[in-house]
Amino acid sequence: MTDIRYLAPQTLDEAVGAFAAAQGAARILAGGTDLLVQMRNGMAKPGTIIDIKKIAELTTIARTADGGFRVGAAVSGAVLAEHESFGTVWPGVLEAVNLIGSTQVQGRASPGGNLCHGSPAADSVPAMVAAGAVLTIQGPNGRRELPVEAFPAGPGRTKLAPGEILVSFTLPARPKGSGDAYLRMIPRTEMDIAVVGLAVNLTMANGVVTAARVGLGAVAPTVLLVEAAAKALIGSKLEDAALETAAAACRAACNPINDKRGTIEYRTKVAGVLLKRVAAIAAERAGRA
Amino acid sequence: MNAIDNKWIGTRTIRPDGVDKVTGRAGYAADNVMPGMVWGKVLRSPHAHAVIRSINTAKAEALPGVKAVVTAADIVNFPLDKSVMLGIQDMRWMCRNVMAREKALFHGQPVAAVAATTAEIAAEACKLIEVDYEVLPHVIEIDDAIAPNAPILHDFIKYEGKPSNIAGTMVNKVGDIEAGFAQADLVIERNYDTRPVHQGYIEPHACTVSCTADGKVTIWSSSQGQFMVRAMTSLLTGISQSNIRAIPAEIGGGFGAKTIIYLEPVAVMLSKKSGRPVKMVMSRDEVFRATGPAPGMKATVKIGMKKDGTIVAAHGVYYLQAGGLPGSPLRGPVGCSFAPYNIANVLSEGFDVVSNRPKVAAYRAPGAPLGAFAVETVIDELCEKLGLDPLEVRIKNHARPGDKAVYGATFGSITFVETTDAMLKHPHYKAPLDKAPAPHIRRGRGVASGFWYNAGGESSAQVNITEDGNVTVTTGHPDVGGSRASTANVTAELLGIDHSRISVLIGDTASIGFSNLTGGSRVTFASAMVVTQSTEKVIGQLKERAARIWKIDPEAVDWENGEARPAGANAGKFPALTLKELAAKANEMGGPIGAGIQLNTVGADPGFATHIVDVEVDTQLGIVRVIRYTACQDAGRSLHPSYVEGQIQGGVVQGIGWALSEEFLYDKTGKMDNASFLDYRMPVCSDLPMIEAVALEIPNPKHPQGVRGVGEAGILPGLAAIANAVHDAVGKRFFSLPLSPPKVLAVLDS
Ligand SMILES: Cc1cc2nc3c(=O)[nH]c(=O)nc-3n(C[C@H](O)[C@H](O)[C@H](O)COP(=O)(O)OP(=O)(O)OC[C@H]3O[C@@H](n4cnc5c(N)ncnc54)[C@H](O)[C@@H]3O)c2cc1C
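Here the protein sequences come in this chain order: H and L. For the first sequence, the positions run 1 to 289 when my numbering is used. For the second sequence, the positions run 290 to 1039 when my numbering is used.
It is worth saying that the hints were derived from the structure and are not from the lab. Here a beta-carbon is modelled for each residue, glycine too, at the ideal position from N, C-alpha and C. Treat the hints loosely; a few may be bogus.
DSS-like, lysine-lysine: derived pairs with alpha carbons at most 30 Å apart [to be verified]:
| id | chain 1 | residue 1 | chain 2 | residue 2 |
| --- | --- | --- | --- | --- |
| 1 | H | 260 | L | 1032 |
| 2 | L | 595 | L | 714 |
| 3 | L | 451 | L | 960 |
| 4 | H | 53 | H | 159 |
| 5 | H | 45 | L | 960 |
| 6 | H | 45 | L | 348 |
| 7 | H | 276 | L | 724 |
| 8 | L | 960 | L | 416 |
| 9 | L | 957 | H | 45 |
| 10 | L | 1021 | H | 260 |
| 11 | H | 260 | L | 591 |
| 12 | L | 392 | L | 416 |
| 13 | H | 260 | L | 392 |
| 14 | L | 1032 | L | 960 |
| 15 | L | 591 | L | 1032 |
| 16 | H | 276 | L | 1021 |
| 17 | H | 276 | L | 1032 |
| 18 | L | 447 | L | 1021 |
| 19 | L | 957 | H | 260 |
| 20 | L | 591 | L | 1021 |
So the derived label-pair ranges between C-beta atoms look like this [stated by the list, open to error]:
| id | chain 1 | residue 1 | chain 2 | residue 2 | range |
| --- | --- | --- | --- | --- | --- |
| 21 | H | 24 | L | 424 | 32 to 40 Å |
| 22 | L | 974 | H | 45 | 52 to 60 Å |
| 23 | H | 40 | L | 633 | 25 to 33 Å |
Okay, chain H solo, but in the shape it has when bound (with noise of 0.2 Å):
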């Protein structure tokens, strides 16, 4: 038996100071979801654990000063849940939070555990890149802030720094007229990994599309902006000539893999017909917004 040391610091310049003191023989553990699974299976073998759920600003759901929200990297899916407003403002993001695992997962499953983990088929990324989130970053050289969309470096590799740690989300306020949206392809309805996963967040105006962001996952080695598809659907009332334009960017910006969860040819077509389908969706709840 191997002996494995278990730190819960209160602060995050203690996590900080130990996370980078063991000089990468440390692992950050948010929910667990990820590590815990890794460890089990041999393929992580950390000697020191820093839980990072005792710290209050990894676990809080705020409001910024501008009207936006900052989540906290650790907060569980079920804790973003049950927040009295979130799930109004952002309802794709947190769709897409509520999709990883089960009931039992989401008592701990992070978002912030969701991007670190670096898998490409996260499902809370993708909406988070559409709704333009972004990130700080605490390492021993300070803070720094990263557009989510510029973290992930490769699958399972992220641009964190030795020593530093995700602290939170931050989404930007909401102008009138918002919507968002997340969907996934999965063969079966329930505990399975994103053959393709898409989210559209969209901002209209009488009916015609103002702003929109398109994060595209599990179809290339990170999520993916896709902002070619954005440009096809701002100006447009979403018609189908627009949608087509969008859903072709979509296909053009695949570059996945053909492994056991789905062929190259398949993965790219389904994310053309996510992204009809999705901001159909995000422009429902634009009009109800």
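With chain H held as given, fit chain L with the ligand onto it using these hints.
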């Protein structure tokens, strides 16, 4: 006793094992711990196909904490040239399946095992075992295995005089198919392929074994038959059956795959060598890589039909994947596929194909769902093209009592017609279906039938009256699907006492007579028979005791409502004697009351099922979802309706998984690529509608309660019924399973 006013038979009593299971107290094999116990771990082949030149265990044995190491040298060697059978299992293959000998034949095959003080040390020691492999080219798929220059797995296997991967053949034949096809108005021939699927039981294989200094072995394990565990362990270790006691643990599912053993002989040898009790538990990864899936299939089926729907000729050719060692269930597709129908001209041919995959094991009606998939989709297409109702055509062609099956038997009291007719008349069959509820959604309905042999076989029971006038019933079958509940219902009914006064137990190999496997849809059929006969003997004893007390003739005593009553001329002369009163007087009146019966039961009629399914296809994503399902079988008599329905629903769900999402995927090195429940996609609850199980009750005249086995037939029709429903929805036929979204979309877009 089959009266309509049954008090217990046919009611949903609480299962005797229920409380322990829902409170987590039930003892499964992996729960067992013993003083001084050590942990066994298997070293598995990292190659799909390799000669094992040598194994050096010295470094592993030297690791502190290691108590024993075993290899094939410690397992009894059954030479390749002489078959030694135990039931349907050939010990030549079994001894190599539990421990590779000359060759590793699939990735994950055991090559050695270690027992150590902790599981970690055992795993560590496995890494220290040096195996010198000569890696050989491997072959996974049927087409590749039977290709002219395929790597040959077993040089001694010859087909048509040459070394071959075709390890066996089987043929059933009646009439003359060429003459038959000539009479047909329409002949359709189709090619099929399917992938292996796993039984997917929730409980991985596990055992604890204690081998003591005097050579006595005790085995606690999860299996579908403690007597099979004893017999097979005895053969593979050379220890006599009288020195082995196999104790059945509660079982977390088997579906056929626990009718053979993997760990027990290895654990016995580790225990014998180490002098310690040894515990072994497989991981899910090991279960997928090295325990029996059901075979994949490649098949061609040709059927000729007349305009009026009469099937005049049928030809089926089925290649099944056996895995690395011979023995795929050819009699499934060869014997069952055409058995629902009385066809004058039939040729049914099967080929057993070895390739570098895990050796197949039984899975619910072994092999038969595959044949049914092929045959029942061809019948559907014939009906479509001839404009005939698919259920009416089935009824027209169904075999009836007295007809002779292509596999040789003459059918007894079969009820195929009644079963399909119940589906024809079921509201589901004519219920309106909105075929295009949205632009990208199409719905369709499909039907299919399926046949399975069912079995009787050896069973034993012992019924004892306790000193306080209650009852214990012991049988020899692990209870996988609620058989203890049915046994309690039968005993309560016969004795006329409250169900709660009966305790039903499963004996170990030393405490109850030989009982064959829990499998073949046989346990409720066979155990109800031996429990009935044992209970009737007990009732005879009770009447005899009462007669002695009253000093009248035993013939003049009735047993009613849990008490002996004077009958006939003596009616009313004495106050009735209850079971409790008779038990209290047992010793004065001749000793303890109890009786046992051991029988080779006969009279199990075949299993048969007809299903109706509605599906919904997302034509843009290729996703197929089942939205309504109705499944019919004749249970003869539902001793406990919940567990009849459970069997039917369970079979249906497994058929849905087989049809839509389950498959073994291999990488280029011959290693399984999806050895987890995440990527081996069995249906989850949210994938399924409520499955309506329709259990007919047309009693089997050869059984005391009328029981017909229901365990297996429920898995048969689903594969074809779903494929037929998808055709109804989208107008395209599918010949390859599973109907996974990429496959469906590719066909839709073609
Ligand atoms: C049964 C099951 C089902 C699942 N289903 C899904 C699903 O449907 N969709 C999906 O996307 N995922 C799924 N997952 C994966 C997992 O639940 C998610 O990725 C989840 O969001 C991880 O969050 P966590 O808080 O549990 O992360 P943890 O396991 O605690 O951490 C994940 C990784 O990120 C690191 N980390 C965590 N927080 C930080 C931080 N603040 N700073 C730096 N590094 C950090 C950890 O060291 C670790 O490497 C499933 C997992 C299970 C067990």
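For each hint, the structure was consulted:
1. 260(H) with 1032(L): Status holds; Cα separation ~13 Å.
2. 595(L) with 714(L): holds, 25 Å
3. 451(L) with 960(L): This hinted pair holds, its Cα atoms lying about 28 Å apart.
4. 53(H) with 159(H): Since the Cα atoms of residue 53(H) and residue 159(H) sit roughly 22 Å apart, the hinted pair holds (cutoff 30 Å).
5. 45(H) with 960(L): With Cα atoms ~25 Å apart, residue 45(H) and residue 960(L) stay inside 30 Å; holds.
6. 45(H) with 348(L): holds, 25 Å
7. 276(H) with 724(L): holds, 23 Å
8. 960(L) with 416(L): holds, 19 Å
9. 957(L) with 45(H): Between residue 957(L) and residue 45(H) the Cα gap is close to 29 Å, so the pair holds against 30 Å.
10. 1021(L) with 260(H): Given pair residue 1021(L), residue 260(H) holds - Cα atoms ~25 Å apart, limit 30 Å.
11. 260(H) with 591(L): violated, 33 Å
12. 392(L) with 416(L): holds, 19 Å
13. 260(H) with 392(L): holds, 29 Å
14. 1032(L) with 960(L): holds, 22 Å
15. 591(L) with 1032(L): holds, 24 Å
16. 276(H) with 1021(L): Holds, because 26 Å separates the two Cα atoms, which is no more than 30 Å.
17. 276(H) with 1032(L): Distance of about 22 Å is within 30 Å: holds.
18. 447(L) with 1021(L): violated, 40 Å
19. 957(L) with 260(H): holds, 12 Å
20. 591(L) with 1021(L): holds, 19 Å
21. 24(H) with 424(L): 32 to 40 Å: Given a distance of about 36 Å, which is inside 32 to 40 Å, the answer is holds.
22. 974(L) with 45(H): 52 to 60 Å: With Cβ atoms ~35 Å apart, the hint is violated.
23. 40(H) with 633(L): 25 to 33 Å: About 60 Å separates the Cβ atoms of residue 40(H) and residue 633(L), which means 25 to 33 Å is violated.
Comparing the model with each earlier hint shows violations of hints 11, 18, 22 and 23; every other hint is respected.
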